[in-house]
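Those protein sequences? They're chains F and S, same order as listed.
Residues 1 to 246 (our numbering) are what the first sequence spells out, left to right.
Residues 1 to 511 (our numbering) are what the second sequence spells out, left to right.
The hints are simulated quantities; they were obtained by calculation from the structure and are not laboratory data.
The beta-carbon is built from N, C-alpha and C at its ideal position, and this holds for glycine as well.
Any given hint could turn out to be false.
[Unchecked claim] A few chain S residues that face chain F, going by a derived Cβ cut-off under 10 angstroms, partial list only:
no.	residue
1	F29
2	A65
3	W67
4	A125
5	T204
6	P208
7	R224
8	R226
9	V232
10	R351
11	Q355
12	S446
13	L450
14	L459
15	V464
16	I479
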Amino acid sequence: MRVALFITCYNDLLFPEVGRAMVILIRRLGHDVDFPAAQTCCGQMHFNSGYQDACVPLVESFVEAFAGYDVVVTPSGSCASMVRHHHPLVAELAGAAPDLADRVGEVSPRVLELSEFLVDTLGVTDVGARFPHTVAFHPTCHATRLLGVGDRPTRLLGAVAGLTLVDLPRSASCCGFGGTFAVKNADTSVAMGLDKVDDVLGSGAEVLTAGDTSCLMHIGGLLSRRRSPVRVMHLAEILASTGSVS
Amino acid sequence: MTAPAGDTGRRPRPSHPDAEPTFAGTPPFPEAARTALADAQLRTNLGRATSTIRDKRTRVVAERADWEALRMAGAAIKDEVMRDLPALLEQLETAVTAAGGTVHWARDATEANAIVARITHDAGATEVVKVKSMATQEIELNEALRLEGIDVWETDLAEMIVQLGHDLPSHILVPAIHRNRTEIRDIFIDEMGRVGRPAPAGLTDDPPELAEAARLHLREKFLRARVAVSGVNFAVAETGTVVVVESEGNGRMCLTLPEVLITVMGIEKLVPTWRDLEVFLQLLPRSATAERMNPYTSMWTGVTPGDGPQAFHLVLLDNGRTDVLSDATGRQALRCIRCSACLNVCPVYERTGGQAYGSVYPGPIGAILTPQLRGIARHPVDKQTASLPFASSLCGACFDVCPVRIDIPEILVHLRAQVVRQSEASHRLPTGEGLGMGAMAWTLRSPRRLGLAERLAGLGGRVVGRRGRIRRLPGPGPIAGWFRARDLKTPARESFRAWWRRTDGGRGGPR
């Protein structure tokens, strides 16, 4: 099985430690993973902001970068949903090459979010991790509603040695990140985020985790401004861990 | 309003002292939302009301094992209506006319309002009682009739609270959702006496007492009115039957007591056959009020001699709907049955309330319906309208609950693209956002350029970041809003891409 890592542009720049955790985790489970250097971005920000024409070249370079792999695994439910649900729409836009829809049809169904890859493709829930901390899981909207990852992430967390998983009230409610929504409607975004922060602080968790660093960047930014000791970590970082928080 | 020169006809003499407030002048959504977010009482009222109805809806929907099949059927029936709309409307007209009703066609709000005013004048009436109706709110019928010297009395409890309070609605189903019972008592005490029977002395905010006050106030209007105005929930093309569903019974009073009934109907409210009602009469109450069945379902077909109104007028309203129909993606919005489930689950609506949307259609459905009804597909729209498709985090909760499966996030993104195209077409030079998006797309088209940009960002982050976080960026800039309440993690000194190249994916080279 040829596995490629789609790091996503913002993880590449802001959270390279998430990518390194993905590599460590996948190798520990006995599979090699490639990083096709030609990859850049799924185009979600442009697509969702109304600049859909700008996505055409990004989708073209995406299918080129990842053609030929059996599985493309990514630490983002949101970017995975962009590829699986919206790349076929972009391929229908004027200006797209006539065969782009076919190439997208080949590549995009193979793009999996981390928990889908671990549970469905590799068939594991116990990844041999140890993380002796109290953790709350934030189910992100696109992973939940567009990919339907369901309880895969919490099954993975439930098998981590030493980890205590606590419930978040109103967990299905959006944290308010929403891509450019976070700056175009900053006040509403912050109001939604602060309610999420209150729920996190009330849960007693030391660590908030999720399958999307974008949402964690928003919630974490609010926590950091409040000087809260609660940390945000991507699911991959916890699953890659074999000791305690560094 | 002044009469045109040379007009010797009857001048409008409004008898209501106050003009009905309208949404005109609402600022763009981000600004209107900021004002709403600062209102702590509003946040409390809304949070409590929406979470209650959300939980109840989840419970009653879970009772139905065939809920998904019902949703599919609802969407399919409505899509069939959109496909065959002209023929179905003519079939409805034939059936209503054969049953003794009169059908009128209104291209827009002005035509519809004029038809209702003329029928009311012809009946010799100076007042009408109203059943709760979104279509008549959309065309601002109340204000149009007031200017014609006709008093309009809203009889739905919540609509009456809004009207008495000189207020604007904030929810499709529960227009006074932003009010708590103490505020309602104060409105009753201050306002009822100005327009009819005053509130009983010593009125408290006990809900049964408030309901009794409303009942007494409305009863004299029901018994006096000769003309009623309603909307419709469904109209059956096959039989000419019009359906109104409600909870309070005020609608039943309006639909049975007066001599003349005028019904204003958006042309998308059709269902082809009687049998189709079984789907919608299951979908609507569970989605709207979280009831298995609504308390009152009124159905009438034309006129029945000796029973109920002896004159029935059906006004078919376009008002932008055929424009919506012409957009293959956007037309899904015409499936809407006005249940409000999308409002109740929306995390944005829950915080801002409905008035921030500047339309009688608030929340997620309003964010896709209002711009389309205002003609976004045909011509540039104003800034407030253009802000609506962006008033969403695209979380998708609305699509999950929509009983007719309107893919609201898909349409929001579709409308955002229309806004961007209009903005680009109306500016000779690219906008700041357009330039930024273009520069980012150019960078992202090439892994080499992206790598370079990441190195620059890493260097920049070291300049503005402190202890791994950025608290603000110098200057205003497009993302200044981020830093009002949030820090940002400093870009990494070494991107993942650079790490992979340096260490051969962690296999070799220096770690």
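Which earlier hints turn out false for this structure, listed by number in ascending order?
2, 3, 4, 5, 6, 7, 8, 9, 11, 14, 15
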